[in-house]
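Visitor: Residues per chain, in single letters:
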Amino acid sequence: EERLRREAIAAWRGVWVFVEQTEGEPARVSWELMGAGAGLARSLGTELCALVIGENVEHLCHEAFAYGATRAYLLDQPVFRHYRTEAYLEACCSLIETYKPEIVLMGATGMGRDLAGAVATRVKTGLTADCTGLDVDDRRNLRQTRPAFGGNIMATIMCDRFRPQMATVRPHVMQMPGRREGATGEVVRETCAIREADILTKVLEIIRDKKGGVDIAGAEFIVSGGRGMMAKENFGLLQELADELGGVVGASRSAVDAGWMPHERQVGQTGKTVRPKIYIACGISGAIQHLVGMQDSDMVIAINRDKEAPIFQVATYGIVGDLFRVVPALTSQLRQLKQSTIR
Amino acid sequence: MLVVCCVKQVPDTTQVQIDPVTNTLVREGIPFIVNPYDTHALEESLRLKDRYGVRVAAISMGPPNAEATIRKAVALGVDRAILLSDRSFGGADTLATSNVLSAAIRKLAEEDEVALVLCGKQTIDGDTAQVGPGIATRLGMTQLTLVDRIEDVDMDARTVRVRRKLEGRYELVQGPIPAMLTVVREINRPRYPAVPARLMAASCTVEVWNNEVLRLDPVSIGLKGSPTWVSRIFSPERAKGQVLGDGEKDPAGTARLLVDTLRAKDLLPF
Ligand SMILES: Cc1cc2nc3c(=O)[nH]c(=O)nc-3n(C[C@H](O)[C@H](O)[C@H](O)COP(=O)(O)OP(=O)(O)OC[C@H]3O[C@@H](n4cnc5c(N)ncnc54)[C@H](O)[C@@H]3O)c2cc1C
Ligand SMILES: Cc1cc2nc3c(=O)[nH]c(=O)nc-3n(C[C@H](O)[C@H](O)[C@H](O)COP(=O)(O)OP(=O)(O)OC[C@H]3O[C@@H](n4cnc5c(N)ncnc54)[C@H](O)[C@@H]3O)c2cc1C
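The listed protein sequences correspond, in order, to chains P and A.
Count the first sequence with this note's numbering and you get residues 1 to 343, in order.
Count the second sequence with this note's numbering and you get residues 1 to 270, in order.
If we strip away everything but chain A, and leave its shape as in the complex, we get:
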């Protein structure tokens, strides 16, 4: 039995900026990290390995430099890690991305039965939360998003029971496997890789699958396979406000100024 974990390499969004002249993203010098939610998906996959003796495969679609993400997965102890990389995969929206990831999962399933696919709740760059449902729908798997606890996986009965975290409520749900789960941060605390494992991962060869391996129709991947496209990119506009009084020297007077202003504009609830 295999658990497949989907991991994306993302720019550290705290440092992303937009070039005011060209209105494009400044990509130079921005550090890349493993999508934070995916570190929780990885951790949960490894816990399933400990609990049920399953094997874990990590897959990531991205440019060649996403190799770093694959190595992190290896250092953490996954059994197999594959980088899905091909120029023709570039520029993908979520529909095209889930196509490539699904094809890779199907291929892995030829060798070992896939019980679960784990994804993060969302990424911090595209931030759509759409890829997980895309994979589940394409592969006809049970879809269980926003999981904050895997209660039980019954390999004999072929069911999984999870708790989902929704707005103001939790849901306890049971469904058949294979299932695709997306996980929230609360599910676990990711472990750190041990130094020897890190050294080993740094020197291992990374397995790369391109489209000669996956054999997907070129019109169903990358930019061509993406129904959505970005027509404009710009900085969010912000109107600068007014600083009131001197809050340092006269906090009480400044507070009064604010209250008077709000009152004059009839903004107070009384």
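Only chain P is shown next, with the shape it has when bound in the complex:
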């Protein structure tokens, strides 16, 4: 029985990345996953494939090649214009059952989590959520490492008896791979028997968030404030510092709950995961739920008057002091430096 199982498992080959898109616009996390998937495909000696589903989305296959895929499965039909679980679920499952990939990766976004949870249930396999580390062992099994219990622990999860092995990864957790202009690959055109009449769920309207615009998750420089900011008005200090760096202002949940900053700016377990070049935490204690959202930043700078604050444990550089004195000093130093370099 064990031998049969192993043979059945050996029939599954290839690493797939689901290319998420809304109205033809790809989600960046898909390309980050291409980077992670390429590493896995290399270790396994197998192919990296893109799974592209939508309407008028063929250009995304070529984008996928530029980010490392060598083959793209394309389902391009009007019924896939808007994401609806039923339609995408059918599409994914039929392709998975036909081509038997050993690994399927999706972004841990609203859409990715919605789809991955449904697909894994239908194909009766395991799904590991929000992975921060992916690698393979010597028996072609995927080692999936993820934070759990609010980031207090890390766990490595295996799904060695089932295929495909499925995982989601949050945006900005994996590094964006380089773009290879002109890279080519094979587009495998597929069709799906689903008709619009079969899908009773209708997307009536997509409302773009007007105040949007600021995407802290994509920023290279983030200046975040916590309860230590004391009041909404004081976030102006952080904005000034962020402006000098060409960055954006983020916040801890305490600052968001106090109504000082909108929820879109929240960093952490129940906010966004960020990975900027520099993350400056001002008046943030560094609770574990905050740390899981920013600890992979290239550099963390903490400004806090309590030298015991846990934020100093993840900070590359810490300044123990009053943020109301340190932050303005930092802003003016940067301003001076900028003026002298421009001159």
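Heads up, a few of these hints could be off.
Simulated restraints, written as ranges between beta carbons of each label pair [claimed, not checked]:
hint	chain 1	residue 1	chain 2	residue 2	range
1	A	158	P	207	22 to 32 Å
2	P	308	A	79	45 to 55 Å
3	A	155	P	232	39 to 49 Å
4	P	328	A	186	28 to 38 Å
Rough simulated footprint, nothing fancy, chain P against chain A, three-plus residues with beta-carbon under 8 Å [unchecked claim]:
hint	region
5	55 to 61
6	90 to 96
7	121 to 133
8	173 to 184
9	225 to 237
Honestly, the hints are just simulated from the structure, not real lab data.
A quick note: this is a predicted structure, and the numbers were derived from the prediction, not measured.
Backbone N, C-alpha and C fix where the C-beta goes; we use that ideal spot for every residue, glycine too.
Given the structure of chain P, go ahead and fit chain A with the ligands onto it with the hints provided.
Guide: Okay, now just chain A with the ligands, sitting in the frame of chain P:
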């Protein structure tokens, strides 16, 4: 018509720690709470009851001590609350969990038509957001995740219209019922139970369904029914950094030290 609300009991993750010697979770003395997102699902279920006159059933899979969660649901005013508890349910991943919850929903549907299943967006311990989609897929229900507003439920036309909160956008979606919805925090502000209701709930008998009731194949539940398993558990590693200067006495000088350091490493954008 019935609305089923799925509620999980979770450890208060702000207090979870890992034993440095055995590398396992320290479970002793950690308080348990109702998963915060599920308090919003409960509230929304009760609002549906007020709006449409539906009945509400709460279900929770967990060990016997998850009874406390069931009592909280009762205190809030659900019509029925069932604890799904059996040793063989233990160690479940999301696939095995959605199997047990789906079986319970199917059983409830034998008595009263299920219009909606409400779940939280995710839990604060497992944090996967996978159980809701698992239930919808198993039961062939319309799946609507990340709902921040239930616009309308039309019991005659058998449709539900909701607003979903996604990255940088909202979606207005309509689908047929029965539907499974997962809700986000923004959907409502949960009510507090009144004292008499709390007292009543504290003394009520909790209905428990084990696998003799649900009759699920033992290989499809608990640890056996879980394709994933935890092979290693460890504390996140953290590299301690360097404290610069004396920010208390000399904020300006310390700021300069930092700027010089960043400049020397060519980390500044100009
Ligand atoms: C399920 C769950 C999910 C959560 N998700 C998130 C999340 O996504 N993101 C998140 O951030 N939190 C989250 N939290 C909350 C988290 O546990 C903490 O409560 C929160 O991060 C604390 O915010 P804070 O650091 O701003 O405030 P505090 O912990 O109050 O820290 C304020 C800090 O400011 C310092 N300070 C005060 N005044 C000054 C001054 N003048 N100069 C310098 N320093 C000063 C203090 O020394 C202190 O360290 C979550 C909690 C739970 C239970
Ligand atoms: C360290 C660790 C890591 C884990 N990682 C994974 C993983 O990557 N993949 C995986 O499949 N499993 C994983 N698990 C197992 C997972 O936590 C359990 O399967 C759990 O029963 C349900 O998953 P969840 O807590 O993530 O729920 P979610 O899917 O986040 O819950 C969403 C909603 O479903 C409902 N719900 C969930 N559980 C119950 C319940 N028991 N009773 C009633 N309603 C419920 C609630 O409404 C809840 O808000 C992990 C467990 C541990 C200890």
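Visitor: Which hints, by number, does the structure contradict?
Guide: 5
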